[in-house]
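Under this note's numbering, think of the first position of the sequence shown as 12, with each following residue one higher.
Hints listed in this document are in silico derivations from the structure and should not be mistaken for laboratory results.
We treat Cβ as the ideally placed atom computed from N, Cα and C, and that holds for glycine.
There's no promise every hint is true.
[Stated by the list, open to error] Here are the in silico distance ranges between beta carbons for each label pair:
(1) V69 / R96: 26 to 32 Å
(2) L59 / R94: 16 to 22 Å
(3) F44 / V69: 34 to 40 Å
(4) E62 / P37: 34 to 40 Å
(5) R55 / I35: 20 to 26 Å
(6) A41 / S72: 45 to 51 Å
(7) D78 / D51: 23 to 29 Å
(8) D51 / D80: 23 to 29 Å
(9) D78 / L36: 40 to 46 Å
(10) P73 / P37: 51 to 57 Å
(11) P39 / L59: 26 to 32 Å
(12) G34 / F98: 20 to 26 Å
(13) P73 / P39: 46 to 52 Å
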Amino acid sequence: NNPSSSSSSWASHALLISSLSDGILPNPAARSFLRYSLVDTLLRERILLQEEGVRSSVEFSPCNGPDIDSLGGLEDVDRLRERGRRFVAKEDFVG
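Turn these sequences into a full structure, and let the hints guide you.
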């Protein structure tokens, strides 16, 4: 979307950082939250790509089912994202 459009909201996910050195760096909870959020966003993008790979493999070869490598890749990324969630839950954004 174009940020200069007349739409009232143009970002579905956004982060405003007013001062990295004054606000984020000295605050362990904020630093941890930022780190988790960035990694989680990248993993969600990867999950969408893997899902599309599985979907297209089934669409173009329905008799064979999903491509095993694509399905395995999706499971790997899902597991990695879940591990990140458990790690953050233990850490509770403080380290």
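Against the structure, the hints come out as follows:
| no. | hint | in the structure |
| --- | --- | --- |
| 1 | V69 / R96: 26 to 32 Å | 27 Å, holds |
| 2 | L59 / R94: 16 to 22 Å | 19 Å, holds |
| 3 | F44 / V69: 34 to 40 Å | 37 Å, holds |
| 4 | E62 / P37: 34 to 40 Å | 39 Å, holds |
| 5 | R55 / I35: 20 to 26 Å | 22 Å, holds |
| 6 | A41 / S72: 45 to 51 Å | 47 Å, holds |
| 7 | D78 / D51: 23 to 29 Å | 26 Å, holds |
| 8 | D51 / D80: 23 to 29 Å | 24 Å, holds |
| 9 | D78 / L36: 40 to 46 Å | 43 Å, holds |
| 10 | P73 / P37: 51 to 57 Å | 55 Å, holds |
| 11 | P39 / L59: 26 to 32 Å | 31 Å, holds |
| 12 | G34 / F98: 20 to 26 Å | 23 Å, holds |
| 13 | P73 / P39: 46 to 52 Å | 50 Å, holds |
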